[in-house]
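Enquirer: Chains A and B, in that order, are what the protein sequence lines are.
Read in order, the letters of the first sequence correspond to residues 0 to 893 in numbering that gives the first Met the number 0.
Read in order, the letters of the second sequence correspond to residues 0 to 109 in numbering that gives the first Met the number 0.
If a hint is listed, it holds; no wrong ones were tucked in.
Derived EDC-like pairs: lysine to aspartate or glutamate, alpha-carbon spacing no greater than 16 Å straight-line:
| id | chain 1 | residue 1 | chain 2 | residue 2 |
| --- | --- | --- | --- | --- |
| 1 | B | 59 | B | 79 |
| 2 | B | 59 | A | 72 |
| 3 | B | 60 | A | 72 |
Quick look at which bits of chain B chain A covers, simulated, 3 or more residues with Cβ under 8 Å:
| id | segment |
| --- | --- |
| 4 | 23 to 32 |
| 5 | 38 to 50 |
| 6 | 72 to 78 |
Now the in silico label distances, taken between C-beta atoms and shown as ranges:
| id | chain 1 | residue 1 | chain 2 | residue 2 | range |
| --- | --- | --- | --- | --- | --- |
| 7 | A | 447 | B | 60 | 52 to 62 Å |
| 8 | B | 10 | A | 62 | 17 to 27 Å |
| 9 | A | 15 | B | 36 | 33 to 43 Å |
| 10 | A | 82 | B | 10 | 25 to 35 Å |
Bear in mind the hints are in silico, worked out from the structure with no lab data behind them.
The structure displayed is predicted, hence computed values, not measured ones.
We put the CB at the ideal spot given by N, CA and C, even for glycine.
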Amino acid sequence: MAGRIRRLLRLPRSASRIRADIDEELRFDLEMRAADLARQGFDAHTARERALAEFGDLDATQRYCEQQDNETERAARVTQLFEDLATDLGVAWRAMRRSPVFAVVVLATFALGIGADTAVFSVVRRVLITPLPFRAPDRLYRLYTTPAGADGDDNKLSAVELVAIATESRAFSGVAISGNYGGAVYTDAQTAEPWRMASVAPDFLTVLGVRPVLGRDFSDRDIVPGAPRVTLIGFDTWQRVFGGDPRVLERRIQLNSLDYTIAGVLPAGFVMPEPGFNVIDALQPLNVPGIARTARMSRGRAYRGVARLREGVGETALRAELPLLRQRIHDRYPEIKNGGVIRPVSLHAAIVGTSGTVLLLVMFGAVVVLLVACVNIAGLFLARAAASRRELGVRAALGASRERLVRQVLTESALHGLIGGAAGIAIAVVLKRALVALAASALPQLGEVRVDAPVLALAAAVSILCGVAFGVAPAIAATRVDLRETLGDAGGRGASQGRVRVRGSRVLVSAQIAFAVVLLVGAGLLTRTFAFLVQTNLGYTADAHALSFNLNLSGNRYRDPTTRDAVMQSIGDRIRALPGVTAVGYTRVAPWNGGLMGVRMRVVSRPSDGDAPSVEYATASDEYFAALGIPLRAGRVFTRDDRPGSPPTLVISESVARRYWPGMNPVGTSVRIEDAVPGDSGTSMQIVGVVGDVRPNLVDEPVPTLYVSERQWVGYGGNVIVRATGDAAKLAPAIRQLLREVDPLVPLLFPRTLRDVMHASIARQQLAMVLMTGFALLALVLAALGIYGVMAYATVARRREFGIRIAVGATPASIVLLVVRQASLTTLAGVAAGVALAAAGSKYLSSLLVRVSTHDPLTFVGASLALAFVALVASLLPARDATRVQPVDALRTE
Amino acid sequence: MPSSTLELMPGTVDVLVLRTLAWGPMHGYAISQLVRNRTAGAIAIQSAALYQALHRLERKKLVRGWWGVSDTNRRSKFYELTATGRKQLRSQSTDLRAYVAALLAVLDAE
Chain A
0 MAGRIRRLLR LPRSASRIRA DIDEELRFDL EMRAADLARQ GFDAHTARER
50 ALAEFGDLDA TQRYCEQQDN ETERAARVTQ LFEDLATDLG VAWRAMRRSP
100 VFAVVVLATF ALGIGADTAV FSVVRRVLIT PLPFRAPDRL YRLYTTPAGA
150 DGDDNKLSAV ELVAIATESR AFSGVAISGN YGGAVYTDAQ TAEPWRMASV
200 APDFLTVLGV RPVLGRDFSD RDIVPGAPRV TLIGFDTWQR VFGGDPRVLE
250 RRIQLNSLDY TIAGVLPAGF VMPEPGFNVI DALQPLNVPG IARTARMSRG
300 RAYRGVARLR EGVGETALRA ELPLLRQRIH DRYPEIKNGG VIRPVSLHAA
350 IVGTSGTVLL LVMFGAVVVL LVACVNIAGL FLARAAASRR ELGVRAALGA
400 SRERLVRQVL TESALHGLIG GAAGIAIAVV LKRALVALAA SALPQLGEVR
450 VDAPVLALAA AVSILCGVAF GVAPAIAATR VDLRETLGDA GGRGASQGRV
500 RVRGSRVLVS AQIAFAVVLL VGAGLLTRTF AFLVQTNLGY TADAHALSFN
550 LNLSGNRYRD PTTRDAVMQS IGDRIRALPG VTAVGYTRVA PWNGGLMGVR
600 MRVVSRPSDG DAPSVEYATA SDEYFAALGI PLRAGRVFTR DDRPGSPPTL
650 VISESVARRY WPGMNPVGTS VRIEDAVPGD SGTSMQIVGV VGDVRPNLVD
700 EPVPTLYVSE RQWVGYGGNV IVRATGDAAK LAPAIRQLLR EVDPLVPLLF
750 PRTLRDVMHA SIARQQLAMV LMTGFALLAL VLAALGIYGV MAYATVARRR
800 EFGIRIAVGA TPASIVLLVV RQASLTTLAG VAAGVALAAA GSKYLSSLLV
850 RVSTHDPLTF VGASLALAFV ALVASLLPAR DATRVQPVDA LRTE
Chain B
0 MPSSTLELMP GTVDVLVLRT LAWGPMHGYA ISQLVRNRTA GAIAIQSAAL
50 YQALHRLERK KLVRGWWGVS DTNRRSKFYE LTATGRKQLR SQSTDLRAYV
100 AALLAVLDAE
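Extracted from the complex, chain A is given alone in its bound form (with noise of 0.2 Å):
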């Protein structure tokens, strides 16, 4: 009997007990034998002899049978693994669909967690872990200066710095120069199509490791005054443009009009070093020892720097040498009066900027939210592994082991967590989508953001992992199982389990509203930021009727300025006789673009201070004024008459004014401009205007800035900004239209209505703040559902106690207070635990909070009160059940 049920059981021999059963078996065929001969008539000594005898070799035999019982059971073993996990598999299957709404519920949850994790992992991969396309791109450094004054654009160096630590530096062994990041229009028989395209250096390439998969690099040669114009386009240019053609080598094509001939093609996922403009069309060859020899070029901060750390050579070295080098060159350069602070950054850090925080922050809510989800999950689990108490029981009485029962209890959560984590790669693919483009330009662009192997890898291990951890609190539980208890005639939960039981799921529910709380302040900090932020005053109007767009007068037709400037007019002309249009203005470069350079000004009347504060240097229309709404404080704005040939006139900013003539009226006053100003510095212009100051986008500060009149300094085209009564987005095909009629080879570049502009700058932390608000709701939810869970089922076993509470004449509202006063212990703690969190890891979001303080007293207050409010909420429900108790039906129960 025990022999069967052992087999039942399918519980495995042993070794020994193998031997001894063929020992056992042999001995009662041979005891037979000889009774039986004994029978015949043999003496007992005689009947065991010849039973023996007959028996034939009895070692081999035992031997024999040894060896096949083992394999026997060893196969066994084997089909018996897989026999459970079948038999686990099956249970588990067959309790999901006995409770479809458990499984839909944990599975649901589940997969969103899962989902929202690999998607933000999958980017989060692409930009923060993987490595930039660079030899060696460790040992890469943006350069960055600190200007004098002004805190201007510490981005550009000028090119006598660039060359010195390009070939003074023993730290460096190389410094890859680039410069004029822009547009170009690139032009065939068929297309206009606008290219982004730079300048760099020859042995730009050579510093970052990299060489073009077709065609050449750049050379000294192509620098060379009177050298053939050259190009290198990009891998996916390459392909776009010429599908991949590889007779493009030597292929002359126009671009900006002019002919270059392709000298090679940069290699597929090359982005540039460059912090916003990663994605390139084409290079050009960049003359920077020439440059740096031109002393009107030599100074102007127009050109970046990259550095490549010596092999062998520290960070502590290079800190050590930056003080001589930048000695030496002020030594040299007496007139480089910037303090010359030049700083190494690491490039990825460059690069990836704020972006690296908003993308650790959405990662981090995004974990919260699995974890969340998971603590409910197990929540869930182990108030369900109390209803089946009683069939784990069964189980252990018939012989079923503890790790057999652990086993089975972990197979079915861990189905769960496959198909959850099944469902929750499906959703990341869709969740990857709608966050690349909703991060467009929030992330540095560099390659396509994919949910490939690796990311699959870590989904599923997640997955399985949680699947795993939702099982330890029931499967704890199993092991737990007391046989009397289940079995015996309490057949039900003793009141003590019960209550230990409940106090493991309320500290799991006060854990998640501790996660709550941290991502609903996250999400408040970030909110009340961008609330100010989209309040913020930039100083002219940046609404859907503004539109602005770029440019591109270049090439041979455009060599004279007369021509450019009376194109521009008659362009401006044309636009405003569109229907609904009220203003046309154009700069050089907008202020959301970067702006066109910092400068120097000095007031002729004055004696030189030598080390005047930078201000910023616009050129504007005489309309650019009234298409932004940028307000007129005094005297007037650029007229018509502020022409080529006519007195140079300028408009200065508000603070500039208050800066230079504190409590003076400035029109009228003649002022130099040192610097970098085309043509000569020494000319003296007219103050005629002060207007308000404008902030370059709705984060940065407003920049102090003098105009002087693009007629007057005609550039090559510019930044256009068109204003109309209706929906200026519309005026687009209008203007393509009439530019085509003007030149075919100008196209219109770049469109985008200034509500557009300026929300792509707070791109940022509008992700940060979508993503969290989203992630922070969903944990409410989940701590909610927590809260109601618990309660529910607290609620259920204290059923016999609020029967008799209730007999003994307890009014429904003690009840409710009773049960609510339990969610709110939880609750307090939950919140208490999350505040503190939260308040010791906000520090982590300053760098994306504008005008709002990492303490925000309204924020935590106000996420604390959500929560305290959604979990009274959840706890309400079941306190009202519990009043609606029945004393009689309570005694019954049990």
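Got chain A; can you put chain B on it based on the hints?
Expert: Relative to the frame of chain A, chain B by itself:
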């Protein structure tokens, strides 16, 4: 009727054991008794060969063994045919019959 006990030809033990078990579950000694009685002692399976066959057949999952209690009230190991074993018996006895028939055809030929 042969005059003395016949030596079993190799390979025939397995099929004999399976055939015997087809009557019903029994322990090893009962199998050898049954074979001896059925053939009036003409065929006797040596016990060593019998038990080796039983354990081999158990490994091949053609028979299933379990511990039970014999008529004499002693703990002993019983064997029964599995479904696979039954199928195997059918095909092997067909083969064996054909073999014997062929053998006879040669031996009986004039």
